[in-house]
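Following the hints, put chain B with the ligands in place on chain A, whose structure we already have.
Protein chains in written order, with this note's numbering: chain A, 148 to 489; chain B, 10 to 371.
Bear in mind the hints are in silico, worked out from the structure with no lab data behind them. Just so it is clear, CB atoms sit at the ideal spot from N, CA and C, and this is done for glycine as well. Possibly wrong hints are sitting among the right ones.
Quick list of simulated restraints, FRET-style, between CB atoms [to be verified]:
1. B/R27 / A/S321: 20 to 28 Å
2. A/R286 / B/W55: 54 to 62 Å
3. A/L443 / B/R27: 55 to 63 Å
4. B/Y112 / A/H273: 53 to 61 Å
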Amino acid sequence: MTSLTAATAARSSASSEHSLVVEDLRVHYDTPEGVIKAVDGVSLALKPGERLALVGESGSGKSTLAMALMRLTKAPGRIVAGHIYLGGKDITLLEEPEMRQLRLNEIALVPQGAMNSLNPVMRVKHQIIDGILDHVADRKQTPDSHELEERVNRLLARVGLSPEVGRMFPHELSGGMKQRVAMAIAISLSPRVIVADEPTSALDVVVQRQIMQTLGRLQQGLDAAVILIGHDMGLVAQFANRVGVMYAGKLVELGPVQQIFTEPLHPYTKLLIESLPNLEEKKKFIGIPGLPPTLLRLPSGCVFHPRCPSFIKGTCETVAPHYQEVRPERETSCHLYAGVRA
Amino acid sequence: MTEIVVERPSGTSAAARRMRFAQRFFVAVVGNYVFRRVLFFLFVVWLASTVIFIIPRLSGQDPVKEKLLLEAQRGGHLQSGFEDMARTYQKRFGLDRPIWIQYRNFILDLAQFDLGPSIAFFPRTVNDILMDSLVWTIGLLGTVTILSFVIGTLSGALLGWPRAPGYFKYLFGPLLTLSAIPFYLLALLLVFLFAFRFSIFPLFGGYGIGKVPDFSLDFALQVLRHAILPAMSIILASIGFWALGMRGMMVTMQGSDFMVQAEAKGLKAGRIFLRYALRNALLPQTTALALSLGTVLTGAVLVEVVFRYPGLGNTLYQAIRLSDFFIIRGFVFAVIVSLALATLIVDITYPLLDPRVKYRKG
Ligand SMILES: Nc1ncnc2c1ncn2[C@@H]1O[C@H](COP(=O)(O)OP(=O)(O)OP(=O)(O)O)[C@@H](O)[C@H]1O
Ligand SMILES: [Mg+2]
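The following block holds chain A by itself, in its conformation from the complex (with noise of 0.2 Å):
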C-alpha cells in the first residue's frame, strides 16, 4: 500500500530534488497489551527551503515520526517498514556509526520541551561546541579553542542572543532563551533538515511568536527543510507552506496551507478547522465530536470513520481508504474523493 506520489518521488527525483522524501514509514511499539501503530504508511517528500507542518491531535504519532526521522526510535518502538531518503541516502539502511555522521550534519532537532533539552551541568557553549566537535571529520582540523568561541558567539548572535549567554548555565536562562539555544546548536553545522517537534509548547504567545520569527528566518539563510511539529493551527498557518494532518498514525491530508484552510478535503482536516477560534465571526466553539482512537483497537475501515460526518455506510466502516493525490498537490485518504485522480 505504497503512496504512489511519494513514492514515485523518491525513485524518480528524489536525490537530486529533495532534502527529505519518507516512503511508507511504519513505527510500531511493541507493548504487552499489543502493537502500537504510531506510525501506519506515512508518506511525504520535501524540497530544500520547503516548511512543512505536521498536525494532529495528541497522540496522532507526530513526536513518534520526528524520532523516526532522526533515527532515534527507542525501544519498546521500532521502524517496522519504509525507508526514509535524506538527501538521497536511505537511512533507514544504515549502521549506527554513519547515523550518528548525519546528525546535527544532515538533520538536525529543535525538541519539543527545551525547558530540559538541555544538559543541567554543563555551559551553553560547551553544549554548542560538543555537537560541532564531534563532527570534525579529520582530526587535524579540529578548531582550536579561539575559533571555536568566535563560532559559539556567532551561532548565538544569529538566534538573536548575546555572547554572555554562552557561558551560563541552562537554569539561568528563561524558556525563551532556551529555546534559542537548542535552535543555535540545531543550526551549528547547517543541517538540510530541520525537525521542530512542538518547539514552542512550553511558551508564552508572545515568545512563541518571536521564537517562530527566528526559526523561519534561519530556515531561509540556510535554505533547509523544516518540518514543523504543533498543535496551534495559527501558528502553524502562518509558518508553513505545506501543512500535513495526521490521524491515529496516518497522514490523511496534505497539500498547500492555503488550500488546505479554505478548502480542506478531509472530514477531519474540516474539523480541525472548524474548531478554530474565530474572532471575527465569534461563533460558537465547536469541537469535533467523539475520542481519537486508541491505537490498539484501531476501527475497522478508514480509522476515523467513527466520528466522521460524511461517513460512507458500507464503504468506510470496511475498506480502508488510499492515500493518493486527488487534485494537484493535494493528497488525501477519503473514500469521498476515491474516484477523482489528478
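This is chain B with the ligands only, laid out in the frame that chain A set:
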C-alpha cells in the same frame, strides 16, 4: 522579516561583570554560605558534646567507683580505703567539682581536642590511644570506601547504560546478592575460606605478630597482606550499594530530555556516557560518598573485631569490655566530629558540582 530580539542578561562590560562577580562571590560565599555552614558545624559539635556530657550523669553511675569495684571484684576483696581511693581518683579526674565547672572544663578540653585520661590504660591519654588506632581505621576504611565507591559507581553506570557490552548485565545478580549480605558475615566467610581453610592470608591483626611498626617496605607489604581480607569483605559488600544507586540514576537519566537531545546532536557515545549521563547521575552519589566517609569511624567495628584489626573499632570493643568510659566518650566525640565534618564538606562542595544549587542564604 526583520527582527532584532537580543536577549541578554543585564549588565554588559567585562570589567563590570568581573566586579559584580567578585562582589557576589564575596557576599555569597564568604559572607553568607560557608561562614554560616561553619558556624552551624560548630554548633552541632557543641550540642552533641553537651549531650555526651549530660547523658552519663543522668545514669547516676560513677565511672570511677564502677571501675574500682570491678577491680576489687577481680582481686577478690574490697580494700579498706575504698572510699578514700575513689575520692582521690575523682579529685584527680576533676569529678568532685560543681557540675558547671566540670562542664566548662569539659568543653574547654574538647575545644583543644583533649579527651582526658584513659581509665583502663591509665596514665595513657584517650587522645593517644584513639590516635594510634585512628590511623589504622582511616587507612583501611578510607581507602576501602573510596575504592568501593569508584568500582561500584562505575559498574553501576555501565549496568545502567544500554550500549555497554552485553556481559555487564551478568554483574547485576552477583552485585545484588553481595549487597544483601552484611559485611561482617562476609568477613567471617572470607576468614574461614582464605585464612583458615587455605592459609593464603593471615587470620587476624594489622601486621605480623612480634613486629614493631616502622617505615620499611617489608612492614608495608605486611600491612597490605593483612589488610586484604578485611578490605575485601567491605568492598564486596558495599560495591553493590554504590552500583545499585548509580544504576538507578543512570536509568532515570536515559529518559530525560537532555539525553535524547545529546543523541540528536550526534555526539559520540563516549561523550554522552561521561559528560551527560554519568556526570548527572553522579550528583546524588557524591553526597552519599561524603556521608559514608563520615561514618568511616563506626563503619566497620564488627569487621575490625572479626579480624582483630588494630583500628578504632577494635579499640572501642576493648574499651567497652574494660568499661573505659573515657575512651568510649572520646570515640563518640570523634564520630560526631567526623559526621558533622562530612556534612559540612557536602554542603560546601555540592554547589560546585551542581550549578543549580546556589550558595543560598541560611
Ligand atoms: N515508549 C512508548 N511505548 C509505548 N507506546 C508509546 C510510546 N511512545 C509513544 N507511544 C504511543 O504512540 C502514540 C503516538 O505517540 P506520540 O508521542 O508520537 O504522539 P504525538 O502526536 O507526538 O502526541 P503529542 O501531541 O501529545 O506530543 C501514542 O498513542 C502513544 O501512546
Ligand atoms: Mg509529541
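Each hint, compared with the structure:
1. Here the CB-CB span from B/R27 to A/S321 is close to 24 Å, well matched to the stated 20 to 28 Å.
2. About 59 Å separates the C-beta atoms of A/R286 and B/W55, a value consistent with the hinted range of 54 to 62 Å.
3. A beta carbon spacing of about 60 Å between A/L443 and B/R27 agrees with the range 55 to 63 Å that was offered as a hint.
4. Our hint of 53 to 61 Å for B/Y112 and A/H273 holds, since their Cβ atoms are close to 55 Å apart.
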